[in-house]
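Residue numbers (our numbering), protein chains in the order written: chain A, 1 to 472; chain B, 473 to 651; chain C, 652 to 1060.
You may find that some hints are simply not true.
Unchecked claim - Just a sample of chain A residues kept apart from chain C, beta carbon distances all over 10 Å, derived:
(1) Ile-34
(2) His-47
(3) Ser-54
(4) Trp-75
(5) Pro-144
(6) Met-211
(7) Phe-250
(8) Ile-256
(9) Thr-262
(10) Glu-324
(11) Ala-354
(12) Asn-386
(13) Ser-409
Said to hold, decoys possible - When the alpha-carbon atoms are kept at most 20 Å apart in a straight line, the in silico EDC-like pairs for lysine to aspartate or glutamate are as follows:
(14) B:Lys-528 <-> B:Asp-632
(15) B:Lys-479 <-> B:Asp-490
(16) A:Lys-206 <-> B:Glu-610
(17) C:Lys-838 <-> C:Glu-1055
(18) C:Lys-838 <-> A:Asp-296
(19) C:Lys-906 <-> C:Asp-1049
(20) B:Lys-528 <-> B:Glu-636
(21) B:Lys-633 <-> B:Glu-610
(22) A:Lys-201 <-> B:Glu-610
(23) B:Lys-500 <-> B:Glu-610
(24) B:Lys-500 <-> B:Glu-636
(25) A:Lys-203 <-> B:Glu-647
Hints listed in this document are in silico derivations from the structure and should not be mistaken for laboratory results. All residues carry an ideal CB built from backbone N, CA and C; glycine is no exception.
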Amino acid sequence: MSDHMHDQRDQKQQDAIIAPGHTLATITDKISEIVLTPPLKTPLGWHAMMGIGSIGMLLLGATVTKLVFTGIGIWGNNVPVGWAFDIINFVWWIGIGHAGTLISAILMLLRQTWRTSINRAAEAMTIFAVSCAGMYPLLHTGRPWLAYWLLPYPNTMGMWPQFRSPLVWDVFAVSTYATVSLLFWYTGLIPDLATLRDRAKHKAVKLFYGMLAMGWRNAASHWDRYETASLILAGISTPLVLSVHSVVSFDFAAGILPGWHTTVFPPYFVAGAIFAGFAMVLTLMLPLRAAYGLHDFITEKHLDVMAKVLLATGLIVTYGYALEVFMAWYSGSPYEEYMLINRLTGPYAWTYWALILTNCTIPQLFWYGPARRNIWALFFVSMSVNIGMWLERFVIIVTSLHRDFLPASWGHYAPTVWDWSMYAGTIGFFLFSFFLFVRVLPMIAMFEMRMLVPASGVTGKDSDHKHGGSHH
Amino acid sequence: MAHHDHKHPLHGILAEFDRPEPLIEACKAARAAGFTKIEAFSPMPIHGVIEALGLKNRLPLMVLCGGIAGAAVGFGLQYWVSVLEYPINIGGRPYLSWPAFIVPMFETTILFAALTAVFGMLALNGLPRPHHPLFGVERFSEASRDRFFFLIESEDPQFDKAREFLASCHPTAIEEVPN
Amino acid sequence: MNPQLEAKLGKIQKVGLALGVLGLIAGGIGFAQNPQQFYQSWLFAFWFPLGLCLGSLGFTMIHHLTGGFWGLAIRRQLEASIRTLPLMVLFFLPILVAAWTHPGAGETAHNEGSHYHGHFWLYPWTDLEAVKDSHLLTHKQPYLNIEFWTGRAILYFVVFAALGFGLVAAQRKYEETGDRRYLRRTKIISGPGIVLYFLAMTFAAFDWAMSADPNWFSTMYGVIFIASQGLSVLAFGVLFSSWVRDCEPYKEFAKPNLFHDLGTLMFALTMFWAYVSFSQFLIIWSANLAEETPWYLVRTDHGWQGVALSLVIFGFFVPWFLLLMRRIKRDATLVPKVAILVLLMRFVDTYWQITPMYKHGLAPHWLDFALPVGLTGIWLWFYVGRLKAAPITTKQHDEAIHAELASQH
């Protein structure tokens, strides 16, 4: 019997989403301290990451300069592989961004309170990942300063976008997504910015956060509208995030190219995006948790749940791959069948098998409970998925394009040094922005954490059950 | 909170609490006592307070209207462009290719609804408003950390009874808020 | 069992049995008149109870993994539904017979509607003569042949039965003994179980429905059927919970919160079903390939376009809009009305998916009404029987529900 009780206590400790002993004040102080610390006291690891990010930024600057002055011929993509690194990375980055929206919106609607300690950072990740994603199609136009041509506006050429094209849908989807993500993130930040305004000692710092907080003063009537707005944003972001990656999948599936045209693409792309995004969240949060000692807020429970999400979404993408293989044969279309053979045994077959290894095989480790709570296993699997989801897009885009219907038009693709430098550059941009965020904005939502403190004994309307119902 | 020609020297009187429960009680008692210009402040949303103050908000309706407007704009734009202004034959598909139009229409619906939600919330809250008399009270900065406040504004018809009432709520402190 | 509940269940059971017997008698008459029509209507009718049974299996496994009040509150209903699986095997027999037998020379006239020619009841690939003439069917023969098809069907049922009965047994053991090892066992079954369920259900949808049009293919097909099953289970859960909400022990928890939770899930799945259905349509419409578009051309012509439109309006927009409203979701008298609409539209959806394969024009036969009523009636009778056969509430179950209820305060 005592064994049983011991079990239960262990279970409780493992399930805690916030370590015991915290009060409203300690949460506020601990999190705002990270931001309000003088620059010289920032952990060394932060400076190191910023350094790497800055080098990447320089690389990005150099690549874009070269690209704009020379043209996109510096990249390796050419007929028949007209899309390559630019679109692979576009899809890769935007997929990563989706986990942020998922964590902040869908998990909010599902009343998963464990999300609170990671949602702010995940949303920031979304913004920066979408920025990285957006760079690719803009630069791929070759004349990014004319990118506004993508939008429907009355012009002297008398031309309008062609709305039957998934690429135009993409313009709408991605720009809406970027706008809504930014609004959602900023809205979520307002009360915390007010906290920083109130906590800051230095006048300039106070002014900086004061302007950003827009005069937020924690009034109940404001909180009421604020929470309603947050819930509505969560409610509409959920279908939005599904639509964005579905539209990305339409870029491929609405065409007729074997390897692109298959009906299961939308849900399987969405699952892949969540898969990639959660992997990136883990990749970023594990070192941050260690560097800033956030074990009280990002507990084993969080790691366990994220590992389970990785396992589940990994199985969904595996389901997608399996159906593609089956249907390529079942369809009886010689082109589909050849696509399959080429994917499995052609010149790029190694990317497919590496994808199966990294995306389908390695995440199976998470069936084993202790692996879900072991940070090294978590880091290993999340890196594997980061690579795997990149390979997935490589397989879909390059392998399908390089040999299509007409053998006379077959070709080969190899990335150039500029392809790699651009990719490394966006990673640098991402790291730079993310660590800048960690330094100047609270990476954990303080006001939401306050709602989780058991001693406060009060709740907001994140739960409908707690709201108004007959249950009081 | 509106501006007045004859300014009362005080914006209001503020009571401070160290726990949320007495704040909820204060809200209920104040409404029962007939105070109308009241407001509560807390480091996080507290449902009990919002309920005790009997707040209503129009935001959901505004967002619904925003969303419908977005859908109309999205479809209208595509119809006008693809059918009226710039009809071109794309692979034999009809000018009015509604299956394709659903996607951008969906996105504009979401966009308009989200913009309405955020800017509607800010407008209804009267933000941005960088300065406010409450910021003059030094203790008020704790409202964003772990303290709870209850305010009776000077505009309240029963303001003369405010101090007495607040004292009866067992606050940890009472302060005047200069205008 | 509480006498009030017993009386109520008895009444539901009687109605189910009466409808079922009438429907099956009508089916027998129909079979004598027109066996082809009988098989076609049976295939369509089969999917609805199958969806309730297997969808419940899926939801039970998901609930074992994720938890939540809604699943505990309808746990007994889901379990009873899983235990109707033997009936599903019986219901499958006519389809098996249709696959193994062939119409006589005089009976093929009824096949005119299909754009496949040959001697078959339901599946064109069962006619070996037709297979020989068709390059595509010859290509697919390693998969679409009667022996392998039957073997797969047996495999699917074995998988479903092993998962379903394994889960129900482990759960009951736990409730009888209070030993948490059995609780852990339900989770151990559910993890891999949900994977197996998705795979088996996907291929069952390919085998039993998609292969009625063996030239056509879509990777999304299984997902649409799974979403549809989920919708029927939730809608039935809402309906049943509202029927018994006055009786102990349901009285305690069949409250606005439960209907709200189920309504929200129904709302989400309505969107998911619309999303996957529309995505499949948009992808095929955009690519406009000769291999794929005929499936939609057939289904949007000769009266079928009306059915398609009704799916858009009553299958998506109306329930979506109604379920958007909190007030409706929480109302134990209103939300069942939405659930009835959702259930009806599941019939319409399946009819639209399956029947155009056999009939180019929308011309419902009376068997298309009699058999769904009959099969669903028999299912309901059997289902309530299963529900009565197990304890509705146990100490462990009560504790779990109360813990969930308490966590909501």
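(request) Please flag the earlier hints that this structure goes against, numbers listed from lowest up. (result) Numbers 7, 8, 9, 10, 14, 15, 18, 20, 21, 23 and 25, in rising order.
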